[in-house]
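Full structure from sequences and hints, please.
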Amino acid sequence: MFETFRTILKRDLTLAMRRRTDLMTTLFFFVIVVSLFPLGIGPEMNTLRLIAPGVVWVAALLASMLALERLFAADHADGTLEQMLLTPQPLALLVFAKIFAHWLVSGVPLVLMAPLLGLQYDLSSEGLQVLLISLLLGTPTLSLIGAIGAALTLGLRGGGVLVSLLVLPLTIPVLIFGAGSVEATVSGLGGDGHLYMLGALLVMSLVLAPVASAAALRISNE
Amino acid sequence: MLEVCDLECIRGDRRLFHGLAFSIGEGELLHLHGHNGSGKTTLLRTLCGLILPSGGEVRWNGEDIRGLREEYAGQLTYIGHKRAIKDDLNGVENLRVACTLDGVETTDEQLWNALDRLGLRGFEDLPTKVLSQGQKRRVGLARLLLNRAQLWVLDEPFNALDKAAVGLLQGVIREHVAKGGMVILTTHQEVSLTQGEVRNLQLGVGEKGHV
Numbered sequence: 492m493f494e495t496f497r498t499i500l501k502r503d504l505t506l507a508m509r510r511r512t513d514l515m516t517t518l519f520f521f522v523i524v525v526s527l528f529p530l531g532i533g534p535e536m537n538t539l540r541l542i543a544p545g546v547v548w549v550a551a552l553l554a555s556m557l558a559l560e561r562l563f564a565a566d567h568a569d570g571t572l573e574q575m576l577l578t579p580q581p582l583a584l585l586v587f588a589k590i591f592a593h594w595l596v597s598g599v600p601l602v603l604m605a606p607l608l609g610l611q612y613d614l615s616s617e618g619l620q621v622l623l624i625s626l627l628l629g630t631p632t633l634s635l636i637g638a639i640g641a642a643l644t645l646g647l648r649g650g651g652v653l654v655s656l657l658v659l660p661l662t663i664p665v666l667i668f669g670a671g672s673v674e675a676t677v678s679g680l681g682g683d684g685h686l687y688m689l690g691a692l693l694v695m696s697l698v699l700a701p702v703a704s705a706a707a708l709r710i711s712n713e
Numbered sequence: 012m013l014e015v016c017d018l019e020c021i022r023g024d025r026r027l028f029h030g031l032a033f034s035i036g037e038g039e040l041l042h043l044h045g046h047n048g049s050g051k052t053t054l055l056r057t058l059c060g061l062i063l064p065s066g067g068e069v070r071w072n073g074e075d076i077r078g079l080r081e082e083y084a085g086q087l088t089y090i091g092h093k094r095a096i097k098d099d100l101n102g103v104e105n106l107r108v109a110c111t112l113d114g115v116e117t118t119d120e121q122l123w124n125a126l127d128r129l130g131l132r133g134f135e136d137l138p139t140k141v142l143s144q145g146q147k148r149r150v151g152l153a154r155l156l157l158n159r160a161q162l163w164v165l166d167e168p169f170n171a172l173d174k175a176a177v178g179l180l181q182g183v184i185r186e187h188v189a190k191g192g193m194v195i196l197t198t199h200q201e202v203s204l205t206q207g208e209v210r211n212l213q214l215g216v217g218e219k220g221h222v
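Those protein sequences? They're chains A and B, same order as listed.
Per the numbering used here, the first sequence starts with residue 492, numbered consecutively.
Per the numbering used here, the second sequence starts with residue 12, numbered consecutively.
Don't take each hint at face value.
Once the Cα atoms are required to be at most 27 Å apart in a straight line, the calculated BS3-like pairs of lysine-lysine come out as [to be verified]:
no.: 1; chain 1: B; residue 1: K147; chain 2: B; residue 2: K93
no.: 2; chain 1: B; residue 1: K140; chain 2: B; residue 2: K93
no.: 3; chain 1: B; residue 1: K174; chain 2: B; residue 2: K190
no.: 4; chain 1: B; residue 1: K93; chain 2: B; residue 2: K174
no.: 5; chain 1: B; residue 1: K140; chain 2: B; residue 2: K174
no.: 6; chain 1: B; residue 1: K147; chain 2: B; residue 2: K174
no.: 7; chain 1: B; residue 1: K147; chain 2: A; residue 2: K501
no.: 8; chain 1: A; residue 1: K501; chain 2: B; residue 2: K93
no.: 9; chain 1: A; residue 1: K501; chain 2: B; residue 2: K174
FYI, nobody ran anything at the bench for these hints, they're computed from the structure.
Structure representation (structure tokens):
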């Protein structure tokens, strides 16, 4: 069973490495959106510090929505997804491997880039640290929740917009606690509580999302 | 043994077939006939469990396949219209992934041999996007040489293949049937499949299927 997980993970990572432009679009989108705000608002440090957590988190959220479309679409188009439905392996495990690979190539770059972008907003080193941790806990949750939406809208016309409409409301808690943790840290309240909540959301979606996505895939492949 | 009882399938508003019943046992080959749009692919996908039938059931060794799921999937190999290979991976990588998903452990040598037997010598480590249609098809079919599934469901397996490859694939199918496997396939080409009896099922004649 672990062998199957490894194979799918390796396959998806290999594919991603051979199509690097796809990875770059998500990352560049994130970088550009976050960088546009200081340009538009002006160099008022107090304002920038205030909006930093929200801007970075909303940008990360939108970037991960942008990447979602690619999660199952290619496999659906070339028929490999159909084959995954017909294997003796548990489908939820295969789906989990796919989501994990997807997060590694679309989520992790955002997490690593965020502290650098946070500097533009004059965030304290403590704030940057919490930003990194909150994204590290939050982005996998976004990928997991998003996978359900991506699976449901598979093969529909205009699925990309629909997926955002379906998934964005579900990600609001992640956004609130993610941005909240940085805010609380910067204001001196301490963001531990928020981070624990993010952790709890991650654990919950780890358990539920692969199973729900697998069920959604069976439905949309009919 | 695969049994189909009183199967009915509706796609959109159209009833493709109803009251369909047949069974297929070890060492038997079922050749599915029917004009375009008569529901051949739908029937094959229903047999695999990809589509839920509107009525009736498909049984594997007496049990409904809906209850068996992964257990049934382990006995089944489906080759559909879509090639199910990744353009950015090479032949060996594609085959390795397919075999692992099938639950078959393979060595590199077996993978290379399988591709070699399908006439892909020298193309094994090229990304499949540079291969021709027929060669891509062959990469997809190489799975058949390595898996241990008892039931093969093949939807137009001879498409895009040249004469030599058609002959080869017929040989592979014959071998499988001779070993006690079951094959259900559709094709519009004239092919000689087994020395033994080939059962034919005609879809789309007066709505009802007959064996």
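Structure-based check of each hint:
1. Our distance criterion of 27 Å between C-alpha atoms is met by K147 (chain B) and K93 (chain B), whose separation comes to about 11 Å.
2. Taking the CA atoms of K140 (chain B) and K93 (chain B), the gap is near 14 Å; set against the 27 Å cutoff, the hint holds.
3. This hinted pair checks out: K174 (chain B) and K190 (chain B) have alpha carbons roughly 25 Å apart, not beyond 27 Å.
4. Taking the CA atoms of K93 (chain B) and K174 (chain B), the gap is about 21 Å. The hint holds against a cut of 27 Å.
5. Simply put, K140 (chain B) and K174 (chain B) have alpha-carbon atoms about 22 Å apart, close enough for the 27 Å limit, and the pair holds.
6. The straight-line distance between the Cα atoms of K147 (chain B) and K174 (chain B) is roughly 16 Å, inside the 27 Å bound, and the hint therefore holds.
7. For the given pair, K147 (chain B) sits about 22 Å from K501 (chain A) by alpha-carbon distance, which is consistent with the 27 Å threshold.
8. Restraint check for K501 (chain A) and K93 (chain B): satisfied, since their Cα atoms lie roughly 22 Å apart, inside the 27 Å limit.
9. For the hint pairing K501 (chain A) with K174 (chain B), the CA-to-CA distance comes to about 36 Å; that exceeds 27 Å, so the pair is violated.
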